[in-house]
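Could you build the full structure based on these sequences and the hints that come with them?
Sequence lines, in order, name chains A and B.
For the first sequence, the positions run 242 to 355 when the numbering used here is used.
For the second sequence, the positions run 259 to 370 when the numbering used here is used.
Hints listed in this document are in silico derivations from the structure and should not be mistaken for laboratory results.
Don't take every hint at face value.
Selected chain A positions facing chain B (in silico; Cβ < 7 Å) [as the list claims (entries may be wrong)]:
| no. | residue |
| --- | --- |
| 1 | ALA279 |
| 2 | PHE286 |
| 3 | THR343 |
Don't be surprised by glycine CBs; every beta carbon is placed ideally from N, CA and C.
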Amino acid sequence: ETGVTQSPTHLIKTRGQQVTLRCSSQSGHNTVSWYQQALGQGPQFIFQYYREEENGRGNFPPRFSGLQFPNYSSELNVNALELDDSALYLCASSVGQGFTDTQYFGPGTRLTVL
Amino acid sequence: DAKTTQPTSMDCAEGRAANLPCNHSTISGNEYVYWYRQIHSQGPQYIIHGLKNNETNEMASLIITEDRKSSTLILPHATLRDTAVYYCIVRVGVSGNTPLVFGKGTRLSVIA
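And the structure:
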């Protein structure tokens, strides 16, 4: 167990809807990174939050947005859902200091878009 | 794109050592090699990382060649619970909390 929790576990939405996914980081960690994992692929980096500010972004459109709160928990919001957004969404927390900082993953949220 | 090359799949007999290779011929001097594994539909689990020296922890050993162009993850006594996809990752960037760039990994099947 990494101490990183995510909610909900599973979610079903329809195309065009909006969704919010949540992540609680491990105690003592101030950085949260979000990844999308399509079926049969490795996780792909969406963005990272460090001390409540976006600190890097992968190749994802603006309809993917996020927040980090003072307690370092985080939300991932996706607007105008598309069928291809169906995936496992993973968050990872880390201490956020230094190059060798290790990221620890939560169990993920499985999003299905119909 | 991922900077590593791994075999698509491997089998290992239960109780034997599992040796998972990874090529990273373009690795830079300040880039680390990380290994994660992912058991079906769970979040990736951190295993080990290293720069140039061999590393060992309670889960595995990491052997990095002297030229740093390849490495091997060793699970000394594989069990059925080690069946997973194993990702070798070279962490890009020179400082800060850089993201992990995953490839497709190696699917390890431990057979009884």
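So, going through the hints one by one against the coordinates:
{"no.": "1", "hint": "ALA279", "in the structure": "11 Å, violated"}
{"no.": "2", "hint": "PHE286", "in the structure": "4 Å, holds"}
{"no.": "3", "hint": "THR343", "in the structure": "6 Å, holds"}
When each numbered hint is compared with the structure, a violation occurs for hint 1 only.
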